[in-house]
Amino acid sequence: METSVPIVFVQQKQIGDYDKTLKAHKEGKIQKLLETKGHDHVQDSYDYDLIVIGGGSGGLAASKEAAKYGKKVLVLDYVTPTPQGTRWGLGGTCVNVGCIPKKLMHQAALLGQALQDSRKFGWQFEEKAVKHSWETMTEAVQNYIGSLNWGYRVSLREKKVTYENAFGEFVGPHTIKATNNKGKEKFYTAEKFLIATGERPRYLGVPGDKEYCISSDDLFSLPYCPGKTLVVGASYVALECAGFLAGLGLDVTVMVRSILLRGFDQEMANKIGEHMEEHGVKFIKEFVPTKVERIEEGTPGKLKVIAQSTDGREIIEGEYNTVLLAVGRDACTRTIGLDKVGVKINERSGKIPVSDEEQTNVPYIYAIGDVLEGKLELTPVAIQAGRLLARRLYAGATLKCDYVNVPTTVFTPLEYGACGFSEETALEKFGEENIEVYHSYFWPLEWTVPSRDNNKCYAKIICNIQDNERVIGFHVLGPNAGEVTQGFSAAIKCGLTKAQLDNTIGIHPVCAEIFTTLSVTKRSGGNILQSGC
Amino acid sequence: MGWEEKAARGYSEFVQVAQQSRGRPVFALFSGDKDAQGRSWCPDCVTAEPVVRSELNSLPDGAVFIYCQVGDRAYWKDPNNEFRKNLKLTAVPTLLKYGTPQKLVEEECLNRELVHMLFTED
Numbered sequence: 001m002e003t004s005v006p007i008v009f010v011q012q013k014q015i016g017d018y019d020k021t022l023k024a025h026k027e028g029k030i031q032k033l034l035e036t037k038g039h040d041h042v043q044d045s046y047d048y049d050l051i052v053i054g055g056g057s058g059g060l061a062a063s064k065e066a067a068k069y070g071k072k073v074l075v076l077d078y079v080t081p082t083p084q085g086t087r088w089g090l091g092g093t094c095v096n097v098g099c100i101p102k103k104l105m106h107q108a109a110l111l112g113q114a115l116q117d118s119r120k121f122g123w124q125f126e127e128k129a130v131k132h133s134w135e136t137m138t139e140a141v142q143n144y145i146g147s148l149n150w151g152y153r154v155s156l157r158e159k160k161v162t163y164e165n166a167f168g169e170f171v172g173p174h175t176i177k178a179t180n181n182k183g184k185e186k187f188y189t190a191e192k193f194l195i196a197t198g199e200r201p202r203y204l205g206v207p208g209d210k211e212y213c214i215s216s217d218d219l220f221s222l223p224y225c226p227g228k229t230l231v232v233g234a235s236y237v238a239l240e241c242a243g244f245l246a247g248l249g250l251d252v253t254v255m256v257r258s259i260l261l262r263g264f265d266q267e268m269a270n271k272i273g274e275h276m277e278e279h280g281v282k283f284i285k286e287f288v289p290t291k292v293e294r295i296e297e298g299t300p301g302k303l304k305v306i307a308q309s310t311d312g313r314e315i316i317e318g319e320y321n322t323v324l325l326a327v328g329r330d331a332c333t334r335t336i337g338l339d340k341v342g343v344k345i346n347e348r349s350g351k352i353p354v355s356d357e358e359q360t361n362v363p364y365i366y367a368i369g370d371v372l373e374g375k376l377e378l379t380p381v382a383i384q385a386g387r388l389l390a391r392r393l394y395a396g397a398t399l400k401c402d403y404v405n406v407p408t409t410v411f412t413p414l415e416y417g418a419c420g421f422s423e424e425t426a427l428e429k430f431g432e433e434n435i436e437v438y439h440s441y442f443w444p445l446e447w448t449v450p451s452r453d454n455n456k457c458y459a460k461i462i463c464n465i466q467d468n469e470r471v472i473g474f475h476v477l478g479p480n481a482g483e484v485t486q487g488f489s490a491a492i493k494c495g496l497t498k499a500q501l502d503n504t505i506g507i508h509p510v511c512a513e514i515f516t517t518l519s520v521t522k523r524s525g526g527n528i529l530q531s532g533c
Numbered sequence: 001m002g003w004e005e006k007a008a009r010g011y012s013e014f015v016q017v018a019q020q021s022r023g024r025p026v027f028a029l030f031s032g033d034k035d036a037q038g039r040s041w042c043p044d045c046v047t048a049e050p051v052v053r054s055e056l057n058s059l060p061d062g063a064v065f066i067y068c069q070v071g072d073r074a075y076w077k078d079p080n081n082e083f084r085k086n087l088k089l090t091a092v093p094t095l096l097k098y099g100t101p102q103k104l105v106e107e108e109c110l111n112r113e114l115v116h117m118l119f120t121e122d
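Sequence lines, in order, name chains S and F.
First residue of the first sequence: 1, per our numbering; consecutive thereafter.
First residue of the second sequence: 1, per our numbering; consecutive thereafter.
There may be inaccurate statements among the hints.
From the structure, some residues in chain F lie toward chain S, with a derived Cβ separation under 10 Å [unchecked claim]:
{"no.": "1", "residue": "Gln20"}
{"no.": "2", "residue": "Val51"}
{"no.": "3", "residue": "Glu55"}
{"no.": "4", "residue": "Thr100"}
{"no.": "5", "residue": "Lys103"}
{"no.": "6", "residue": "Asn111"}
With a Cα cut of at most 25 Å, we get these calculated DMTMM-like pairs of lysine to aspartate or glutamate [as the list claims (entries may be wrong)]:
{"no.": "7", "chain 1": "F", "residue 1": "Lys85", "chain 2": "F", "residue 2": "Glu13"}
{"no.": "8", "chain 1": "F", "residue 1": "Lys88", "chain 2": "S", "residue 2": "Glu158"}
{"no.": "9", "chain 1": "S", "residue 1": "Lys131", "chain 2": "S", "residue 2": "Glu277"}
{"no.": "10", "chain 1": "S", "residue 1": "Lys72", "chain 2": "F", "residue 2": "Asp44"}
{"no.": "11", "chain 1": "F", "residue 1": "Lys85", "chain 2": "S", "residue 2": "Glu135"}
{"no.": "12", "chain 1": "S", "residue 1": "Lys159", "chain 2": "F", "residue 2": "Glu13"}
{"no.": "13", "chain 1": "S", "residue 1": "Lys184", "chain 2": "S", "residue 2": "Asp17"}
{"no.": "14", "chain 1": "S", "residue 1": "Lys159", "chain 2": "F", "residue 2": "Asp44"}
{"no.": "15", "chain 1": "S", "residue 1": "Lys160", "chain 2": "F", "residue 2": "Glu13"}
{"no.": "16", "chain 1": "S", "residue 1": "Lys72", "chain 2": "F", "residue 2": "Glu121"}
{"no.": "17", "chain 1": "S", "residue 1": "Lys68", "chain 2": "F", "residue 2": "Glu13"}
{"no.": "18", "chain 1": "S", "residue 1": "Lys72", "chain 2": "F", "residue 2": "Glu13"}
{"no.": "19", "chain 1": "F", "residue 1": "Lys88", "chain 2": "S", "residue 2": "Glu135"}
{"no.": "20", "chain 1": "S", "residue 1": "Lys429", "chain 2": "F", "residue 2": "Glu113"}
{"no.": "21", "chain 1": "S", "residue 1": "Lys160", "chain 2": "F", "residue 2": "Asp44"}
{"no.": "22", "chain 1": "S", "residue 1": "Lys159", "chain 2": "F", "residue 2": "Glu55"}
{"no.": "23", "chain 1": "S", "residue 1": "Lys68", "chain 2": "F", "residue 2": "Glu106"}
{"no.": "24", "chain 1": "S", "residue 1": "Lys160", "chain 2": "F", "residue 2": "Glu49"}
{"no.": "25", "chain 1": "F", "residue 1": "Lys88", "chain 2": "S", "residue 2": "Glu139"}
{"no.": "26", "chain 1": "S", "residue 1": "Lys72", "chain 2": "F", "residue 2": "Glu107"}
{"no.": "27", "chain 1": "S", "residue 1": "Lys160", "chain 2": "F", "residue 2": "Glu113"}
{"no.": "28", "chain 1": "S", "residue 1": "Lys498", "chain 2": "S", "residue 2": "Asp356"}
{"no.": "29", "chain 1": "S", "residue 1": "Lys120", "chain 2": "S", "residue 2": "Glu139"}
{"no.": "30", "chain 1": "S", "residue 1": "Lys159", "chain 2": "F", "residue 2": "Glu107"}
Below, a sample of chain F positions facing chain S; criterion: calculated Cβ distance under 8 Å [to be verified]:
{"no.": "31", "residue": "Pro101"}
{"no.": "32", "residue": "Gln102"}
{"no.": "33", "residue": "Glu106"}
{"no.": "34", "residue": "Glu108"}
{"no.": "35", "residue": "Leu114"}
{"no.": "36", "residue": "Met117"}
Keep in mind that the hints were calculated from the coordinates and are not lab data.
Since we're looking at a predicted model, the values are computed, not measured.
Glycine included, each C-beta is placed from N, C-alpha and C at the ideal position.
All chains, full assembly: derive it from the sequences and hints.
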């Protein structure tokens with residue numbers, strides 16, 4: 001470990017920092033090294049075999065895998081506080097401010113709905129007995145997250161991976177500076193590096209955004225109930241958060257600039273939006289906030305939002321307790337010294353282009369996870385990529401990460417699971433005459449008794465006619481969409497065809513069985529409305 | 001100021017001792033009861049105790065270390081005992097930092113480095 005720069009290498013042998021170099025020079029060691037010829041380099045001249053910058057889903061998976069093969073690994077993880085001052089522990093976005101708290105709060109909202117349904121099934125209690133405590137929920141969620149943070153620390157220590165809570169940035173070839181929250185700097189060198197720094201929420205760039213608005217980074221540990229909330233954005237983050245906040249009984253409005261869930265199948269996206277609207281979420285479409293002001297202080301306080309229509313003609317105002325910005329996420333690549341080592345990034349997006357082996361343009365530097373250009377931003381993808389990379393680097397493996405047909409789920413109040421192509425992309429790639437779309441509405445049995453939402457749950461598969469009616473797109477809108485989709489994604493990986501699906505006998509009575517009896521095509525224009533079993 | 005050790009037997013006593021130490025960092029080692037010869041019925045607890053004790057000097061200043069005997073084997077095996085229900089303990093030995101999700105369970109308590117990490121890191 002060095003404590004000052006420059007860090008000098010001669011003939012690939014690490015001399016050390018300024019003080020060590022001066023000393024070696026005085027002792028004539030440097031001159032001697034310069035005079036030696038040939039490939040005399042010392043294998044263990046670096047502090048570590050691998051330094052991982054970022055202790056999230058990808059970084060932790062890769063570091064633990066590399067340690068399995070006896071490599072000396074250092075993980076640097078550091079959370080720059082949000083404008084509101086929020087920070088969190090080891091584990092990255094998913095564990096702390098993403099998937100985990102999101103799913104738990106989504107569950108809290110679903111349980112509220114279940115309580116209402118339960119009456120129809122005979123449960124008796126007074127309406128006014130049912131209340132929700134934001135504080136109780138948040139404390140429980142944060143407690144669980146805390147146990148995960150701790151679990152990761154124990155896991156790293158048991159696997160002999162060194163962890164430091166410090167901000168890592170490149171300062172020169174093979175060299176990184178790690179700064180902890182007290183400002184103390186340490187320098188480390190490694191043979192290889194892995195960038196897994198992920199992303200952080202983007203702000204609008206309008207007056208009052210950083211001072212008064214919160215993001216998903218703040219929401220899951222907010223110590224007070226957000227109250228009447230304006231969610232700005234139409235990403236899955238925006239819709240999932242708006243969804244569970246409304247499900248907990250809050251007054252929620254979503255302000256959308258253009259379309260919902262860009263990049264997802266738009267028919268499904270619109271059905272999700274319609275369902276949310278029918279269940280009390282207000283949508284303000286084709287507007288963007290231009291200013292946020294504080295009218296009243298407090299927890300949560302009161303904010304005034306001024307917004308302008310996208311065609312510029314109309315200006316509106318609204319008052320909310322909380323404004324939650326979910327307008328996108330930016331890669332954390334601009335302040336980690338990538339220019340010092342020559343790692344190319346996409347200047348506009350900040351993302352890092354890599355080869356299909358996750359290697360950057362600098363051979364000893366790799367990258368995985370949300371920072372990657374053109375790859376899916378999902379925890380399991382980062383974990384898989386990280387593990388396989390470590391195996392290729394240190395265990396002689398050759399298997400690369402397969403980014404095709406990765407299943408996903410959006411946990412909006414009406415959940416959406418998908419695997420493969422959206423209808424638009426399939427149409428574009430294969431042509432309308434070459435794809436067959438089978439679809440149907442379905443009514444979960446559990447919703448019949450409480451008279452919930454008939455002809456809202458929806459199933460759709462897209463088949464490639466020229467390839468044996470291979471299923472190339474799977475879409476389901478309904479409860480437990482993630483559980484339903486996971487199994488089918490394995491089938492798709494095995495080359496599932498429509499005939500095989502038809503030959504599969506359904507399980508009754510469950511939602512997923514609809515996929516074994518799909519018969520109406522979009523092409524036929526046939527009726528898909530359900531009347532019950 | 002250093003650290004202080006306290007003893008507790010059973011759940012109510014543990015809660016009492018922990019309350020008394022409010023405001024200070026509290027660490028607790030839960031073990032099966034020791035017999036007249038000073039041996040616990042829980043073999044892992046017997047192995048863990050010296051390991052934990054060897055790291056007590058790394059406790060932060062002002063910390064309280066509670067050595068808590070949970071009860072006899074039959075009491076411990078009962079799935080509804082107060083330690084399981086209220087403190088969410090799943091096994092003995094358990095070494096934890098009271099009021100946080102940070103804990104070490106069973107063989108983790110035998111790992112000196114992990115004990116050190118629990119005592120010294122945030």
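task = Compare the structure with the hints numbered earlier in the document and write down the numbers of the violated ones, lowest to highest.
result = 1, 2, 3, 10, 12, 15, 17, 18, 20, 28, 29 and 33
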